[in-house]
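Visitor: The primary structure of each chain is shown beneath.
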Amino acid sequence: MLMRCRTARQWITRDLAGELSLRRVEQLGRHVERCEGCRREQVAYAALDRALGLLPVAAEMPPRLEQDTLRRVRLAADDADPRPPRAVGRWLLIGAPALAATAALALALYGGVPPETAQPPAAKPVGVAAAKQGAAPAQVAQKAAPRPAAQQPASRKRRDVPGDPPAELAARPDLFVNLPMLRNLDKLQHFEAIKTTTLDGQDGDQSNG
Amino acid sequence: MTRIGPRGDPGGAPSPRVVAAMGAEADPDVRLMLQLQAGDEEAFTELFRRFGPRILQYVRRLVGTEARAEEITQDVFVQMYRVRDRYRPESRLSTWLFTIATNLCLNELRRPERQLRVDLWDTRSTEPGAPPPEPALPDPGAIDPERGAAGREMVRALEAAVAELPPKQRAALLLSRIDGMAYRDVAEALGTTEGAVKALLFRATHGLRDRLRDFL
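These protein sequence lines map, in sequence, to chains A and B. Just so we're aligned: the first sequence equals residues 5 to 213 in the working numbering. Just so we're aligned: the second sequence equals residues 53 to 268 in the working numbering.
Isolated chain A (complex conformation) (with noise of 0.2 Å):
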């Protein structure tokens, strides 16, 4: 079968490539040896691959360049941030929230905190339901005030425990060397109340001394 010089010409980049299978070879070379032109063709490439096969592959490196490149790379190195292990830092994103999941609902479930107490305690509105029931406003401050735990009854115990005082009064003690007297104040200033309520250190079960 005669081949045409435009496939004849595809063949011979695809020949020097080593891409053409032995037949195709065979009818390429019968081809050639008939067309002066395709046959020019031939000769033409091979030279330009034999040529291309003379191209440096690599390049003489200069001397700072290896310096210039490992600095950029110690600084890459520097900026990068400290990664934790892969296992410890992948635990660690979904571990954690879930750990303070856990840990929230056993202390709610478990810790003897019932679950009205569980919330924040600003959510409570203490202040408001005393009122409704007719306490005085003095009463309410003792009420939301905490007591001595000795002083409770044992199903209040866990309840009412006092946590730490905030920080600023930690860091002044002196604020509560007149804690009693505050308290009192309010209820001097309240006549009505007086009359209802007694003073620090006069009812042993409201006393903190």
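Treat the hints as calculated values from the structure; they're not laboratory data. For every residue, glycine included, the Cβ atom is placed at its ideal position computed from N, Cα and C. Mixed in with the good hints there might be a few duds.
[Unchecked claim] Pairwise CB distance ranges (calculated):
| no. | chain 1 | residue 1 | chain 2 | residue 2 | range |
| --- | --- | --- | --- | --- | --- |
| 1 | B | Gln87 | A | Glu37 | 36 to 44 Å |
| 2 | B | Arg208 | A | Arg76 | 29 to 37 Å |
| 3 | B | Arg101 | A | Arg34 | 46 to 54 Å |
| 4 | A | Arg28 | B | Arg265 | 22 to 30 Å |
| 5 | B | Ala234 | A | Thr106 | 51 to 59 Å |
| 6 | A | Thr11 | B | Asp262 | 18 to 26 Å |
Since the structure of chain A is provided, determine the placement of chain B on it from the hints.
Guide: Frame of chain A; chain B shown alone:
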């Protein structure tokens, strides 16, 4: 006792992928890369010495200017360091590195402010007032001293002709014909198919033939 293979196959027969990975780890380049992943800085230096000259030459021919070629070569290795954890031993390290280099070069060539004129091997006279030309390639005679002046001139013209090819054709030609990469690896480096690589090579070769008609 029955051994359990990597995918739970009884008999301990490793999967083909594991076999390939085990074989790849015997490759010294891959071993160096694994050492680098483990934090060995000496491995980086060794990799730079092994691949730096080839990468620099490739980048030179792609971007054309010597200073920019050196910067991009640095970028290639800094990038290699930054993304070292992404390398998997299943693929050849050289292919991975040339992929990074090709992407950086093609990005550079796409920059709008960049002139597409490649002047490293351009023997034509420069415009008046233009900056002095970049240093030329080492004399081809130094590579093959037996070649005469005609051969050196031919190689010089060939470098200039390669520099005038469109970037993707140039990249395919350099990777395949000069760096000797398989079509599959060239396709991976260029982010294309083997068929597209063959087409690029065909056009590149014919383009060179046309440009070098006086020499061939």
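Visitor: Hint by hint, note whether the structure agrees.
Guide: Hint by hint, here is what the structure shows:
| no. | hint | in the structure |
| --- | --- | --- |
| 1 | B:Gln87 to A:Glu37: 36 to 44 Å | violated, 56 Å |
| 2 | B:Arg208 to A:Arg76: 29 to 37 Å | holds, 33 Å |
| 3 | B:Arg101 to A:Arg34: 46 to 54 Å | holds, 50 Å |
| 4 | A:Arg28 to B:Arg265: 22 to 30 Å | holds, 26 Å |
| 5 | B:Ala234 to A:Thr106: 51 to 59 Å | holds, 54 Å |
| 6 | A:Thr11 to B:Asp262: 18 to 26 Å | holds, 19 Å |
Hint 1 alone, counting from the list given before, is not met by this structure.
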